[in-house]
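Build out the structure end to end from the sequences listed, making use of the hints.
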Amino acid sequence: MKKALASLALGVFLAGSLNAAEKADPRLELMKEMRTMMDAMEQIQRGGLYSSGDEMKQGVKKLQGTLKSLESEDVKAILPKDQVYAYKFAQKTAHMLRLYSDDLIASVEAGRMDNALDDYTQLLKQCMSCHIRIRNW
Amino acid sequence: MDRRNFLKVVAAGATVVAVSPSLIRGNLYAADGALFKAYEKAQLVDAAGKPIKASSLAKEVTYIFNYPYASTPCMLINLPKPTATDVQLTSENGEKYVWKSGVGKERTVVAYVAICTHQLTHPTPNDSFIGYVPTNKKTMAYDKSGVIVCSSHLSAFDAGSGAKVLGGAATQPLNAVVLEHAADDTLWAVGILGQDKFHDYFQAFRPEIKEFYGKPAESKKLVSISAKTVKLSEFSKEIIQY
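Line by line, the protein sequences are chains A and B.
Per our numbering, the very first residue in the first sequence carries number 1; after that it's consecutive.
Per our numbering, the very first residue in the second sequence carries number 1; after that it's consecutive.
One or more hints might be untrue.
Straight-line distance between alpha carbons at most 27 Å, and here's what the computed DSS-like set of lysine-lysine pairs gives [to be verified]:
hint : chain 1 : residue 1 : chain 2 : residue 2
1    : A       : Lys81     : B       : Lys144
2    : A       : Lys125    : B       : Lys237
3    : B       : Lys237    : A       : Lys68
4    : B       : Lys53     : B       : Lys105
5    : B       : Lys221    : B       : Lys237
6    : B       : Lys210    : A       : Lys68
Please keep in mind that the hints were generated in silico from the structure rather than gathered at the bench.
So, in structure tokens, the structure goes:
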């Protein structure tokens, strides 16, 4: 009985530690944000292709919700070791993503879907630009 | 007008254009293949509107002026040594053209469009990722300094040889601003050499350009008469250089 209780306590302790480590690891948080960004981009594209301004706006909202992680210095935690110095570039990318996504909303609201799709293209270019840099392509 | 007078007028006009191509606007393909586009002639002046003298430029400092459009930044640099002359360059379309040399008493003053030919990185009032790296500083983009570096994707350009690509992802030189150096040591921008990226720049950075320079009618206005020239450290709040 004592052994079982000790094992249970150890199990709970280990699970708790792992959970805490997961929460504390900014890399995991940022990776999650990256996946959300990808979903957001897909949603914007879907909205554009199906002429749904609302879908595009929802995608932008989702995208903008992830930008804080790139705009802060936390971004250093997710960058490869040899690219940590380039965090300013990631911050600049986040700034440009905010700028283009704000413009995308304004374009949708003005009924300028051509401009909105152009903004989407620029958003995608920003993503590519940063990944080219970070991965040394 | 009789035939003789008409021929005189035509001959005089042709002579004027031949002597100073900047008097006409449009693409000029010279016999040697040089690609040159003349714009409004503009004198480089300081923040107070006083003409800048070539000999008064600090060495190895990046200065910024907007030319040929109100929103297209260019850099002016007084290099530590005379530039090369008659440098043959190639655009990404394969067109060959010749960059003559720097200007000034010692041929050390150069000007280039400060829009990277790779992904159009350029200085803004907020920040700058592109600029000249002085000889006493190091850069990650190239094994020597004294070069122009775009710190976005680490392209390096030879400041003393028409901004020829030295390394990185850029596939063509920075566009050169053609300068005239007057007898009174003043500097004038008269045109752009090389295959320009202005159209792509205006399209790609529409929201940003609007934020800093206003509506397209304002931002695409051609610079004429004078171009305000300030140090990059005064133009941009933050300079990022790797």
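Each hint, compared with the structure:
| no. | hint | in the structure |
| --- | --- | --- |
| 1 | Lys81/A with Lys144/B | holds (24 Å) |
| 2 | Lys125/A with Lys237/B | holds (25 Å) |
| 3 | Lys237/B with Lys68/A | holds (21 Å) |
| 4 | Lys53/B with Lys105/B | holds (11 Å) |
| 5 | Lys221/B with Lys237/B | holds (25 Å) |
| 6 | Lys210/B with Lys68/A | holds (24 Å) |
In this structure, none of the earlier numbered hints is contradicted; all agree with it.
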